[in-house]
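Visitor: Here the protein sequences line up with chains D and X, keeping their order. Numbering follows our numbering, with no gaps: position 42 of the first sequence is 42. Numbering follows our numbering, with no gaps: position 94 of the second sequence is 94.
Heads up, a few of these hints could be off.
It does not matter which identical chain is meant; a pair holds if it fits inside one copy or across any two.
[As the list claims (entries may be wrong)] Listed below are the simulated PhoX-like cross-link pairs for lysine-lysine, each with C-alpha atoms no more than 20 Å apart in a straight line: (1) Lys149 <-> Lys9; (2) Lys17 <-> Lys254; (3) Lys269 <-> Lys57; (4) Lys149 <-> Lys237; (5) Lys237 <-> Lys28.
Everything labelled a hint here was simulated from the structure, so no lab data went into it.
2 protein chains.
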Amino acid sequence: MHDLWLHEKNTEGYGVKWRITEVLHSEKTPYQELAVVDTLEWGRALLLDGAIQITEKDEFIYHEMISHIAMNSHPNPQRVLIIGGGDGGVLRELCRHRRLQVVDMVEIDARVVENSKRFFPAVASAFSDSRLNLYFEDGLAFVKNVQDKYDVVIVDSCDPVGPAVELFSETFYRDLYNILNDDGIAVVQSESPVFYQQTFVSTHSHLASVFPIVRVYLAPVPTYVSGPWSFTAGSKKYEPAQLAENHENFADLKYYDKNVHSAAFALPKYINNLITK
Amino acid sequence: MHDLWLHEKNTEGYGVKWRITEVLHSEKTPYQELAVVDTLEWGRALLLDGAIQITEKDEFIYHEMISHIAMNSHPNPQRVLIIGGGDGGVLRELCRHRRLQVVDMVEIDARVVENSKRFFPAVASAFSDSRLNLYFEDGLAFVKNVQDKYDVVIVDSCDPVGPAVELFSETFYRDLYNILNDDGIAVVQSESPVFYQQTFVSTHSHLASVFPIVRVYLAPVPTYVSGPWSFTAGSKKYEPAQLAENHENFADLKYYDKNVHSAAFALPKYINNLITK
């Protein structure tokens with residue numbers, strides 16, 4: 001086996017390295033560098049601009065946790081919007097919910113979807129769901145122009161560099177607020193509260209300028225930077241930490257269940273202190 | 001600033017690297033290679049045989065979580081034993097508890113204590129506590145020979161390589177059982193359930209051969225390997241996930257509070273599946 005290591009530099013003072021057994025694919029899309037590699041220990045991994053987005057072995061953690069919290073705290077999530085999420089993992093999780101009637105997905109880069117279908121069929125497994133409308137557009141423009149209203153919006157963005165920066169802005173969250181029904185919930189991935197503390201704090205503060213209820217929940221994702229990963233929910237009416245009475249249970253999930261739902265909101269004091277005055 | 005990186009290889013296929021600003025100390029003790037470095041982002045770090053044990057910035061997570069769960073689920077933890085823990089962090093946390101009357105600490109390597117006092121005074125802050133009896137001995141022999149009984153035992157070991165291997169054995173856990181009072185609780189650090197899955201599973205299974213109640217709880221520690229870190233409690237009588245009625249609250253902790261206590265036991269399904277048949 002050749003001694004091939006992929007290095008990810010997370011901050012000025014910290015990085016991780018992954019042993020790669022094969023580079024399966026590499027291309028420059030109109031929006032980013034995209035690569036698919038086979039790792040020694042995590043199965044295949046999708047990289048965008050050099051950062052691991054998903055691996056076969058632990059993608060379920062992020063995808064379950066970004067999806068089911070909102071879907072199970074909202075009592076009737078019929079119309080749902082995904083911003084980003086081109087690999088299809090969020091879509092797969094949403095489509096488990098029988099109450100889902102329409103899911104609009106807005107991904108800027110069609111090549112992510114194409115490559116996920118080719119290299120990650122178990123992640124990209126729901127693109128043929130009849131409830132899906134897939135738009136290859138800029139999510140920022142979409143949420144400004146769409147006339148429909150949603151019950152739930154999931155923002156599955158990459159890190160806030162380049163065009164994704166605006167997906168962490170107060171303006172964007174205000175647009176999300178406006179396209180949500182009066183009892184709607186938005187969930188965004190809000191980065192590592194430890195390694196990317198500034199993004200985590202500003203995401204919370206921007207959401208709190210717009211939504212009456214803002215809650216952070218955590219899940220450590222082994223193939224993301226060490227420590228907890230965070231998600232932040234902005235809600236108009238329902239308490240995201242609380243399961244709706246008619247929430248759904250899925251026996252074949254690998255991370256999420258109703259105990260995990262509540263527990264994920266119990267923030268360690270050092271993280272809670274970052275977002276309370 | 002020179003471009004100095006400390007590499008930790010966690011598995012065959014994964015490693016992390018830390019930017020070091022200064023090597024403050026390095027020595028070969030009778031038991032291990034010990035080093036103290038200053039990192040760019042995490043303050044000072046203590047290394048044993050090349051693996052980071054603690055950093056100034058996040059040592060509180062591990063130390064609070066390995067200590068307060070047992071101390072707050074046992075209604076009257078008067079006599080406590082620490083195996084290992086030479087840096088003094090567990091001792092510091094235990095000494096917050098007013099019900100503590102005697103704490104015996106058995107550390108094999110006196111140099112760890114000496115260097116912690118010198119380089120990590122905020123961690124080694126309780127070595128002058130009058131309730132402490134400090135023994136520089138092999139913990140394995142100590143637990144075979146000691147005549148006293150304890151309410152709580154905390155096993156703060158390093159990774160199971162070299163002499164520490166036996167600290168993860170069923171024989172050792174049986175000795176712990178024997179030196180605990182009839183309502184005693186033992187807590188051991190049980191490694192990453194993801195990166196060191198085999199150790200995690202065997203620790204649980206060995207404890208379950210000895211203790212009637214065995215519970216795993218989790219906390220992600222940013223400067224340990226990515227994903228959740230695990231602790232496993234073996235208990236003779238009390239449910240470790242449950243706070244004793246007279247548990248203590250400490251306003252100046254940075255991780256642990258009563259919500260975190262319960263939530264830490266809500267295991268993600270993929271981890272729970274490792275330890276349930």
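Visitor: Against each hint, give a clear statement of whether it holds in the structure.
Guide: Structure-based check of all given hints:
no., hint, in the structure
1, Lys149 <-> Lys9, "neither (39 Å within a copy, 49 Å between copies)"
2, Lys17 <-> Lys254, "neither (26 Å within a copy, 30 Å between copies)"
3, Lys269 <-> Lys57, "between (30 Å within a copy, 14 Å between copies)"
4, Lys149 <-> Lys237, "within (15 Å within a copy, 54 Å between copies)"
5, Lys237 <-> Lys28, "neither (42 Å within a copy, 60 Å between copies)"
Going through the hint list in order, the structure does not satisfy hints 1, 2, 5.
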